[in-house]
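**Student:** Chain residues, written in single-letter form:
Protein chains: 2
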Amino acid sequence: MPSEFDIIRQYFTPSSISQTRDDVVLGIGDDAAILDISEHHQQHQLVQSVDTLVAGVHFPLETSPQDIAYKALAVNLSDMAAMGAEPAWFTLAITLPDADEKWLEAFSESLSIIAKQYNVQLIGGDTTNGPLCISITINGFVAAGKALTRHKAQVADKIYVSGTIGDAALALAAWQGQCSLREESIGYLQQRLNRPKPQIELGLLLSEYASSCIDISDGLIADLEHITDNSNVGATIILEKIPLSKEFNLNLTDDALIVPLVLSGGDDYELCFTIPLDKQTEFEKVAKGNNFKVTCIGEIESSKGVRCLFKNKEVEIQISGYKHFVD
Amino acid sequence: MPSEFDIIRQYFTPSSISQTRDDVVLGIGDDAAILDISEHHQQHQLVQSVDTLVAGVHFPLETSPQDIAYKALAVNLSDMAAMGAEPAWFTLAITLPDADEKWLEAFSESLSIIAKQYNVQLIGGDTTNGPLCISITINGFVAAGKALTRHKAQVADKIYVSGTIGDAALALAAWQGQCSLREESIGYLQQRLNRPKPQIELGLLLSEYASSCIDISDGLIADLEHITDNSNVGATIILEKIPLSKEFNLNLTDDALIVPLVLSGGDDYELCFTIPLDKQTEFEKVAKGNNFKVTCIGEIESSKGVRCLFKNKEVEIQISGYKHFVD
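Each protein sequence line maps, in turn, to chains A and B.
Count along the first sequence starting at 1, add 1300, and that's the number in this note's numbering.
Count along the second sequence starting at 1, add 1300, and that's the number in this note's numbering.
In case anyone wonders, no lab produced these hints; they're calculated from the structure.
Do not rely on the hints blindly, as some may be mistaken.
EDC-like, lysine to aspartate or glutamate: derived pairs with alpha carbons at most 20 Å apart [stated by the list, open to error]:
1) A/1579 with A/1616
2) B/1593 with B/1582
3) A/1416 with A/1306
4) B/1446 with B/1582
5) A/1416 with A/1483
6) A/1593 with A/1483
7) A/1541 with A/1584
8) B/1446 with A/1322
9) A/1604 with B/1409
10) B/1446 with A/1336
11) A/1585 with A/1483
12) B/1579 with B/1614
13) B/1446 with A/1339
14) A/1446 with B/1322
15) A/1588 with A/1483
16) B/1588 with B/1601
17) B/1416 with B/1484
18) B/1446 with A/1323
19) A/1541 with A/1501
20) B/1541 with B/1484
21) B/1497 with B/1409
22) A/1541 with A/1484
23) A/1446 with B/1339
24) A/1452 with A/1322
25) A/1446 with B/1409
26) B/1452 with B/1599
27) B/1604 with A/1306
28) B/1541 with B/1501
29) A/1446 with B/1336
30) B/1613 with B/1601
Covered stretches of chain B (chain A as the covering partner; in silico rule of three or more C-beta atoms under 8 Å from a C-beta of chain A) [as the list claims (entries may be wrong)]:
31) 1327-1338
32) 1426-1436
33) 1559-1571
The C-beta atom is built at its ideal place from N, Cα and C for all residues, glycine as well.
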């Protein structure tokens, strides 16, 4: 059985896990990594956040090591996207029930692929023994003063989402036995749950236009509430305007699921953001020109809280996003 | 029962957890923290590492929340000390079996105290539900090119340790029922196990003198081996020279425990480092002048591996530090 040091050497050293970035002076293998920040100086700010995935809580226990690795990094990259930041480095704290070498090999290979894809490097790790849990701290850079936050949405700003909403929640609902999926849609929908695409490029564009931004992890309403609460405003969104995928529409046989899946289901990792009215036309033109799918779904208002209208009537929203520890 | 958001708001927001550093532009409460690095530019490099504590593995299950919080941050600060870095910020990923408000209050209060003491600020957190596990990623700064690493020890360099060695391992052995402690020593020894003192100030001094450095977490031999392996050298240390505390000597009734406790016991979080021969005299003078307890315990050699002599005979070392996953 390999020791902790063997695991780190074999599966998480720079050569095996990710490409070397020029700004990593010293990577894994010492008490800490050493990082060159000289290029950033006045022009940039460092952006950092942490996200943990617990087996059985954030992903089904039988999820493949490839999907777990991908998702663990993707949800962190998504935080960088939501800040309008360009990701750079990450640390990985992984707690493993045992040192299953096949599992580790698959995990580290998959992590390596997504790390290369987004040009981020693993710079530090800690491998411990216990119930499966993966915690990643990610670092990125934004132009000074240009970071997207949650607290600057203004009344009359337009509310947008990227991509389509509800696919991940539908895949999860099917996995939980709440509904069944058509054979030909399973691949797409599971991909949407297990392999969310961090919207880094869109985030970088938004840093020029958006007044606020968040990634949809807890559910559209819950995450939009983070923006409205932090900005001391409210919002109304229109259910009919929320973009749904072809597969979502094909597989949704029970209309009663629309509200929980689209409004409260999380895990899409699309961006929800606000655009000031006077920038709307230009933003939509630029987004279209760059092939970003963005959809206006509502408006920021002064009246607190988040409302959702369907056929001009307010939808009753009972579940508001995934909250740990709530009974 | 509080939700995840309530927990973050109540126990881990800047006002409750730690003082505000001027370089934290935006702390907890968004998708990521925003950090000003403009002061550092060419003069400094960013140093970052991650350390996880798992309940039942890294600390006994009945450890108080105060001690867990202290130790979780202290072991990370210790990594900064081992790099010769000045710590700045940290992220906290905490997995909790339940939302016990008394536990959380005690934990966050204690975390706040040590954070203030070392002028570090909590800048990001993720609270999840599961078996107790705390993962901290810490950030610090070193003068460019001055970081202490493990790979630059040279033949003939002198090997030093700070403080005294074995206290934490003795406290752990007593807790495990392997030995008993004198009533009057319990407080001191448990403090050494639960409240290790990160050697930040010594680390900063060492960045001017030492050729390599590591903190003793896995055990003296195992950690010194990290230095010799990475530097492609070997080492001989002298058992009689290893500094032991008065309490250690008073409580050690079974001589057979000396080797496992002093050579292989971890958790002391003292520094082990190497000083080039030509800097030895000046270093000892400066260390003494600054009231640092440092002791020369051996020498770097060309012959690979780490040897320990006792009465001029080589000690058999069977256990070499705590390794997760080893049967």
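**Student:** For each hint, tell me whether it holds in the structure or not.
**Tutor:** A quick look at each hint next to the structure:
A C-alpha spacing of about 32 Å is found between residue 1579 of chain A and residue 1616 of chain A, which places the hinted pair above 20 Å, so the restraint is violated. At roughly 15 Å between alpha-carbon atoms, residue 1593 of chain B and residue 1582 of chain B fall within 20 Å of each other, so this suggested pair holds. Of the supplied pair hints, the one linking residue 1416 of chain A and residue 1306 of chain A is violated, its CA atoms being roughly 23 Å apart against a limit of 20 Å. Under the criterion of a C-alpha separation no larger than 20 Å, the hint pairing residue 1446 of chain B with residue 1582 of chain B is consistent with the structure, at around 18 Å.
At roughly 32 Å between alpha-carbon atoms, residue 1416 of chain A and residue 1483 of chain A are farther apart than 20 Å, so this suggested pair is violated. This hinted pair does not check out: residue 1593 of chain A and residue 1483 of chain A have alpha carbons roughly 26 Å apart, beyond 20 Å. Restraint check for residue 1541 of chain A and residue 1584 of chain A: satisfied, since their Cα atoms lie roughly 16 Å apart, inside the 20 Å limit. Taking the CA atoms of residue 1446 of chain B and residue 1322 of chain A, the gap is near 18 Å; set against the 20 Å cutoff, the hint holds.
Our distance criterion of 20 Å between C-alpha atoms is broken by residue 1604 of chain A and residue 1409 of chain B, whose separation comes to about 33 Å. For the given pair, residue 1446 of chain B sits about 12 Å from residue 1336 of chain A by alpha-carbon distance, which is consistent with the 20 Å threshold. Taking the CA atoms of residue 1585 of chain A and residue 1483 of chain A, the gap is near 37 Å; set against the 20 Å cutoff, the hint is violated. For the hint pairing residue 1579 of chain B with residue 1614 of chain B, the CA-to-CA distance comes to about 28 Å; that exceeds 20 Å, so the pair is violated.
Of the pairs offered as hints, the one joining residue 1446 of chain B and residue 1339 of chain A holds, with about 18 Å between alpha carbons and a cut-off of 20 Å not exceeded. Taking the CA atoms of residue 1446 of chain A and residue 1322 of chain B, the gap is about 18 Å. The hint holds against a cut of 20 Å. Only pairs whose Cα atoms come within 20 Å are accepted, and residue 1588 of chain A paired with residue 1483 of chain A is rejected, the gap being roughly 32 Å. Distance check on the hinted pair: residue 1588 of chain B and residue 1601 of chain B sit about 26 Å apart at the alpha-carbon level, beyond 20 Å; violated.
A C-alpha spacing of about 30 Å is found between residue 1416 of chain B and residue 1484 of chain B, which places the hinted pair above 20 Å, so the restraint is violated. In summary, the hint linking residue 1446 of chain B to residue 1323 of chain A is supported, as the alpha carbons are separated by about 16 Å, within the 20 Å threshold. The suggested pairing of residue 1541 of chain A with residue 1501 of chain A is violated, with an alpha-carbon distance near 24 Å, which exceeds 20 Å. Simply put, residue 1541 of chain B and residue 1484 of chain B have alpha-carbon atoms about 26 Å apart, too far for the 20 Å limit, and the pair is violated.
Between the alpha carbons of residue 1497 of chain B and residue 1409 of chain B the distance comes to roughly 18 Å, so the proposed pair stays at or under 20 Å and holds. As the CA atoms of residue 1541 of chain A and residue 1484 of chain A are separated by approximately 26 Å, the hinted pair breaks the 20 Å bound. Restraint check: the Cα-Cα separation between residue 1446 of chain A and residue 1339 of chain B comes to about 18 Å, which is no more than 20 Å; the hinted pair holds. A C-alpha spacing of about 35 Å is found between residue 1452 of chain A and residue 1322 of chain A, which places the hinted pair above 20 Å, so the restraint is violated.
Proposed proximity of residue 1446 of chain A and residue 1409 of chain B is contradicted: the alpha carbons are some 34 Å apart, above 20 Å. Between residue 1452 of chain B and residue 1599 of chain B the alpha-carbon distance is near 14 Å, which keeps this suggested pair within the 20 Å criterion. Of the supplied pair hints, the one linking residue 1604 of chain B and residue 1306 of chain A holds, its CA atoms being roughly 19 Å apart against a limit of 20 Å. Among the hinted pairs, residue 1541 of chain B with residue 1501 of chain B is inconsistent with the structure: their alpha-carbon atoms are about 24 Å apart, more than 20 Å.
Distance check on the hinted pair: residue 1446 of chain A and residue 1336 of chain B sit about 12 Å apart at the alpha-carbon level, within 20 Å; holds. Of the supplied pair hints, the one linking residue 1613 of chain B and residue 1601 of chain B holds, its CA atoms being roughly 17 Å apart against a limit of 20 Å. Three residues within the 8 Å Cβ limit are the bar, and the region 1327-1338 of chain B against chain A gives 10, so the coverage statement holds. Against chain A, the region 1426-1436 of chain B contributes 8 residues with a C-beta closer than 8 Å to a partner C-beta. That satisfies the three-residue criterion, and the hint holds.
Residues of the region 1559-1571 of chain B with a Cβ under 8 Å from some Cβ of chain A number 0, which does not satisfy the need for three, so the listed coverage is violated.
When held up to the earlier numbered hints, the structure conflicts with 1, 3, 5, 6, 9, 11, 12, 15, 16, 17, 19, 20, 22, 24, 25, 28, 33 and fits the remainder.
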